[in-house]
Amino acid sequence: MENSIYVGLSKQIVMRENMNIIANNVANMSTPGYRGQNMVFTEYIENPRYMKEDISMVLDYGQYQKTDAGPVKTTGNSLDIALIGSGFIGVQTPAGIQYSRAGNMGMTQEGVLVNSLGMRIADVGGGDITIPADSKEILIDRTGVVSTEQGQIGQIMIREFASDQDLNPAGNGLYTTTAAPQEPRNTQVLQGKLEGSNVQAVVEMTRMIEVSREYQAVQNMMNSENERLRTAIRKLSSTQG
Numbered sequence: 084m085e086n087s088i089y090v091g092l093s094k095q096i097v098m099r100e101n102m103n104i105i106a107n108n109v110a111n112m113s114t115p116g117y118r119g120q121n122m123v124f125t126e127y128i129e130n131p132r133y134m135k136e137d138i139s140m141v142l143d144y145g146q147y148q149k150t151d152a153g154p155v156k157t158t159g160n161s162l163d164i165a166l167i168g169s170g171f172i173g174v175q176t177p178a179g180i181q182y183s184r185a186g187n188m189g190m191t192q193e194g195v196l197v198n199s200l201g202m203r204i205a206d207v208g209g210g211d212i213t214i215p216a217d218s219k220e221i222l223i224d225r226t227g228v229v230s231t232e233q234g235q236i237g238q239i240m241i242r243e244f245a246s247d248q249d250l251n252p253a254g255n256g257l258y259t260t261t262a263a264p265q266e267p268r269n270t271q272v273l274q275g276k277l278e279g280s281n282v283q284a285v286v287e288m289t290r291m292i293e294v295s296r297e298y299q300a301v302q303n304m305m306n307s308e309n310e311r312l313r314t315a316i317r318k319l320s321s322t323q324g
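For the sequence shown, the working numbering gives the first residue as 84, with consecutive numbering after it.
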């Protein structure tokens, strides 16, 4: 195969991955706190021993998340919270503390505060937040302190990071990071509200159409190149026959 086919194949591989990311964004349009993902592309230079020239191919370098906040809606549910600012909610997972923007919380039968997946919301000390069984009212203030009529029972772990791009998607709206979490300085907690996804349906559908068209254009180019090679081989065979 010639260089153009190698390049075309590398681009198709990247575009398939890009389409998967777009499809995942669309699937999470109604997921609270979800932040859309985009791909980062770069040039990859390959120098095969059997070719005289370098080949410039397309490589998916990584992903980055859209950092703009999603729309905030009022739910009136005392266990719903929305974060105003750049903070994230700490969630206990088998792999340790991970982070999320999804504020649709609930309780276990024992009164432990959990997220929508049943994972325990982390207290600032790293433990659980347990609501007493006889509580009649649950209050969550702007710093994440959780109280009932009996007094304060815990504080939701809210953490900020130097850059949102330090967070890596771990699935289910959770993020992992190797960066040091910081105490919240610019984040407020609003009770009875939820932040929606920042994915815009029209934008994602437009991207999906563009990627599909570009993929087909590359396929057409590769088909033409294959036909050119077949024609050249037939002519070469006829001259030697």
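Hints listed in this document are in silico derivations from the structure and should not be mistaken for laboratory results.
From the three backbone atoms N, C-alpha and C, an ideal C-beta is built for every residue, glycine too.
You may find that some hints are simply not true.
Think about it this way: if two alpha-carbon atoms lie no more than 20 Å apart in a straight line, the pair counts; the simulated DMTMM-like pairs of lysine to aspartate or glutamate are [what the hints assert, rightly or not]: (1) K94 / E308; (2) K276 / E220; (3) K149 / E232; (4) K94 / E297; (5) K276 / D224; (6) K149 / E297; (7) K156 / D224; (8) K149 / E193; (9) K318 / E308; (10) K219 / E193; (11) K219 / E232; (12) K94 / E293; (13) K276 / E100; (14) K149 / E287; (15) K149 / D224.
Listed next, with one range per pair, are the computed distances between beta-carbon atoms [said to hold, decoys possible]: (16) M304 / G275: 53 to 61 Å; (17) Q248 / L319: 18 to 26 Å; (18) G254 / S87: 32 to 40 Å; (19) V286 / S161: 29 to 37 Å; (20) P252 / N306: 31 to 39 Å; (21) I180 / T226: 17 to 25 Å; (22) Q248 / V285: 57 to 65 Å.
Q: Below or equal to 20 Å on CA atoms is what counts here, so check K219 against E193.
A: holds, 15 Å
Q. Does K318 pair with E308 here, judged by a C-alpha cut-off of 20 Å?
A. The hint holds at about 15 Å.
Q: Hint says 29 to 37 Å; check whether the CB-CB distance for V286 and S161 agrees.
A: Given a distance of about 34 Å, which is inside 29 to 37 Å, the answer is holds.
Q) Is K149 within 20 Å of E232, Cα to Cα? A) violated, 39 Å
**Q.** Outcome for the supplied range 17 to 25 Å, where the beta carbon pair is I180 and T226
**A.** Since I180 and T226 have Cβ atoms about 18 Å apart, the given range 17 to 25 Å holds.
Q: Please work out if K149 and E287 have their alpha carbons no farther apart than 20 Å.
A: holds, 12 Å
Q) Between P252 and N306, is the Cβ distance one that fits in 31 to 39 Å? A) holds, 35 Å
Q.
Hint check: K156 vs D224, CA-CA at most 20 Å. Holds or violated?
A. holds, 17 Å
Q: With a cut-off of 20 Å on the C-alpha distance, tell me whether K276 and D224 pass.
A: With Cα atoms ~12 Å apart, K276 and D224 stay inside 20 Å; holds.
Q) Holds or violated: 18 to 26 Å for the Cβ distance of Q248 and L319? A) Because 52 Å falls outside the window, the suggested range is violated.
Q.
Next pair to validate is K276 with E100; report whether the Cα-Cα distance is within 20 Å.
A. This hinted pair is violated, its Cα atoms lying about 34 Å apart.
Q: Mind checking the alpha carbons of K276 and E220 for me, to see if they're no more than 20 Å apart?
A: holds, 16 Å
Consistency with the previously given hints fails for numbers 3, 6, 8, 13, 15, 17, 22, ordered from lowest to highest.
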